[in-house]
Amino acid sequence: MVKARFESLPVIALLAAIGLFLCSLANALSRATLAPTPLIYWVGLLVIALPIFFRLSSTKPGYRERLVLVLLLGLALYGVKIVHDSIFFTFSDEFVHAFNAENIDKYHHLYHFNPAIPTTPYYPGLEGATSALMMLTGMSSFGAGIFVVGAARLTFMAALFFLFARLSGSARGAGLGVAIYTGTSNFLFWGAQFSYESLSLPLLVVVLMCFVEREDAPPTSRSAWAVPIVLGILAIAITHHLTSYALAVIFVALAILYRVMKVERPNPWPFALLSVGVALGWLLIAARSTTGYLFPVLEEAIKAIVKTASGESAPRTLFHQASTTTETVATTPLAARAVALLAVAVLAAIVFLGLKALWRRDERREPLVILFGLGALAFFAALTLRFAPAAWETGNRAGGYFFLGLAFIGIYGAAEFLRRGTNLLRRRVALAGALGVVLVGGAISGWPWDIQLARPLQATAKGKEIDSESLALARWASERLDGSRFAAPEADARVLLNPGGQVAYGGQGPDIEDIVGSEGLESWQLPLLEQHNLPYVVGDRRLNSEDTLRGFYFDVKGQYGGKLREQGVVHKFARIPAGRVWQGNHIVLFNLKDRP
Amino acid sequence: MRGHRDLKLACVGAVLCALVAALVPFELVRLVAALPLVLFLPGYAIIALAFGSRELALPKRIVLSVATSLMALVLGTFVLNIFPFGLRTASWAVLLPLVVIAACRGAALRRDPADRRPRRRMTLPRPAPASLALGAVAVLIAAAALVLAQKPLPAKDAVGFTALWMLPTDAREDAVAVGVISNEQHPASYRLEVSLGKSQSKTYRVDLDPGEERVYEVEVAPRASGRTHVVSTLYRKGRPGHVYRRVTSWLPRQMTFP
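One line per chain: the protein sequences are H and S, in this order. Numbered per our numbering, the first sequence spans residues 1 to 596. Numbered per our numbering, the second sequence spans residues 597 to 854.
Please note that a few of the clues may not be correct.
[Unchecked claim] Below, computed lysine to any residue pairings styled on SDA-like, alpha-carbon distance capped at 20 Å:
| id | chain 1 | residue 1 | chain 2 | residue 2 |
| --- | --- | --- | --- | --- |
| 1 | H | K464 | S | E809 |
| 2 | S | K656 | H | G62 |
| 3 | H | K464 | S | D805 |
| 4 | H | K557 | S | P748 |
| 5 | H | K60 | H | G169 |
| 6 | H | K593 | S | Q850 |
| 7 | H | K593 | S | T824 |
| 8 | H | K60 | S | S727 |
| 9 | H | K106 | S | F679 |
[To be verified] Which residues of chain S face chain H? A few of them, derived with a C-beta cut under 7 Å, are:
| id | residue |
| --- | --- |
| 10 | L635 |
| 11 | T673 |
| 12 | I737 |
| 13 | P748 |
| 14 | D753 |
| 15 | N779 |
None of these hints come from the bench; they were simulated from the model. Just so you know, even glycine gets a beta-carbon here, dropped at the ideal spot from N, CA and C.
In isolation and in its complexed conformation, chain H is listed as follows (with noise of 0.2 Å):
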């Protein structure tokens, strides 16, 4: 009886509100600079995640039951990312696409400029929901972002297993299989950040499990389903570049194998055709900038491979937590690196098992079923690209996809260990551990460890709130020069673009980098700030001012923020001269255009 009522759904909520609590106060602690212990922290994540993946465990719950209990687990997760930092946006990305939210609010129009990342207002699906609930509230583009970024997780988890259900034929397996796709490294922070992905993957979840209903449906039907299959692969193809590219070699594949294997069911070329039409159109028509951002970031992560491979440059350290200047950041500390590999260790086992059982069942001869077996393969090859220095992140990019297939895989892996031995709640007991493993695992190979929880970005002081440097000089910005022009370390460039809604120039392209961060003025700077009519210059001694995840939040005595770039940095704008509009402790704002 009692046990009954520790796995009943009122305390699986329950439970999982105290853990997001814990998470909550572990943030809170952070950001009052009392650097708590980060136990509090994964503590509160297991405290969410373990009831519901114990109960998943169980043959019990029915259908619904099971369902809810994912999207528990989805929105107790996503609660996670908000308490992180529910001020302002603080990801990188997010800066960029509230900037776009913002202007399309601004100017009623789509397609404006973004100097951050030039190709994002061509995807601007994410930015044009948003902008709805933006205009039709009055919300800015962090309140509607959260509650847009959150229907579409809550979708995801939804139409995940309703997908992994209707494949496998079991609702107990689908809910594990839910539960496996929380460990990916990607699904606490990064795909809970207000950026095109947040929606676009959803969507091509929705599709797929469209698709799959489709094939289980009778002739008759089959048309409404083939509805919301091509909204949402019209939708993905304006929101955004790789989950649409994804979406269509899916398709592609899909249509061969039905071709290959002679499939009786319907081959599902057209929606082949269709989402290579819209996603190649896309490209062509509107988002031609497309190619010049991905392919040298591709390039590089071939190059890469093919250099550490043949052993030209060493290869890149794991847990290695590189920021983008040369000040130390906290590295991962051992026992959570063992976690990280032990979560890896976990899944190659849980897929071993899977795939051993898979290959005895009928179900192994369904194309999706064979893809996402490919899938479970190809993220472990993917996995090996971390040790390549540049290609990293392509290959943590890609492995978001792959872990789809990895999830359904490991339901069979899950069921198989399920059934050994006699004593089923031990195993159960030992799966939801293992699965914890993952989910903490994924979590730390998936965000520096160093903010994993917050920083304090505004505190108070007597009373009052009080910003960061980073932030005073945004929010001034915003309330004294009406969508100026700034060239500016990329940390401050981001929190420019918002809240601070300037047009606000950052890293390599142009090279504001070099001109921000070198001491002495060469020849090719100035005209260079001209030609891109950047009259405002941030000058920022912070060493950690171009890290664009920790650079713009307070400096915390002898924990971060602290180290310094020579005074030239500053000095030599004075010594143009040029008009020095703003000084903080270590910021300057120079206006290029006032001069004697």
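Add chain S to chain H, keeping to what the hints say.
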């Protein structure tokens, strides 16, 4: 749409939600109205149109409604952008109910006449009082987690700072606004000197609490030729001879690159 209660409700709901979201000035009320309009009703209507009388289990219908609403929003963005008026509160408040009404009308036509008979009322599970109480406590704790996350907290080891800024007050550039913003952990006192060329200067005593800002307007007398070099300098009370912050400008500004 006679006899199709769900479709009629969807249409009336969409129009009402659009009106409230577009016209009511309170953000929370607008949010409550906008959420179903944006994230549920368009998808519900489109799925109703697609499936007609065919069976679709309630959980799938709900999930597909949200997913298809997201797709409709994405595609609606693209459609509204084509028109000169573009994406505005009014255009969304018209487009979304139009999509709902058109799709519901189509769905009503596609449904079998037999479907018009009154449907059985959906039975919702009735949780035990203890379950309800646990659920309510869970909601409260989750809400507390979100509130805690939104609250800026004292951060005693965060390094505070004071910023000094200066900008012309308007396009005529015959006055400057000089501001001092405190993001310090403690109250602080300063002396602000604003010099206008070589002969004129003004001095202010500035006492600031954390989070406080003071702005001073200083007139810049027009010169017959050349520019006035305006320099604002901030000194800390404890170190009166040491320049703490300095901002400068040459008025009227050239507005050309060096």
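The hints, checked one at a time:
1. Of the pairs offered as hints, the one joining H:K464 and S:E809 holds, with about 12 Å between alpha carbons and a cut-off of 20 Å not exceeded.
2. For the suggested pair S:K656 and H:G62, the alpha carbons sit about 15 Å apart, so the restraint of at most 20 Å is met.
3. For the hint linking H:K464 to S:D805, the alpha-carbon distance of about 8 Å falls within 20 Å, and the restraint holds.
4. At roughly 19 Å between alpha-carbon atoms, H:K557 and S:P748 fall within 20 Å of each other, so this suggested pair holds.
5. Annotation: proposed proximity of H:K60 to H:G169 holds, straight-line Cα distance about 16 Å (limit 20 Å).
6. At most 20 Å may separate the alpha-carbon atoms for a hinted pair to count; H:K593 and S:Q850 meet this at roughly 6 Å.
7. With a CA separation close to 15 Å, the supplied pair H:K593 and S:T824 stays within the 20 Å bound.
8. Restraint check for H:K60 and S:S727: the C-alpha separation of about 18 Å stays at or below 20 Å, so the hint holds.
9. The straight-line distance between the Cα atoms of H:K106 and S:F679 is roughly 16 Å, inside the 20 Å bound, and the hint therefore holds.
10. The beta carbon of S:L635 is positioned within 7 Å of a beta carbon in chain H (closest approach about 5 Å), and the interface hint is therefore held.
11. Checking S:T673 against chain H by beta carbon gives a least distance of about 3 Å; that is within 7 Å, so the hint holds.
12. With its C-beta approaching chain H no nearer than about 4 Å, S:I737 sits inside the 7 Å limit, and its interface hint holds.
13. For S:P748, the interface hint holds, the least distance from its beta-carbon to any beta-carbon of chain H being 4 Å, beneath 7 Å.
14. The interface hint given for S:D753 holds, since its Cβ lies 4 Å from the closest Cβ of chain H, which is under the 7 Å cut-off.
15. Hint on S:N779 holds. Least Cβ distance to chain H is approximately 4 Å, under the 7 Å limit.
Going down the numbered hints, you'll see the structure goes against none, and every one checks out.
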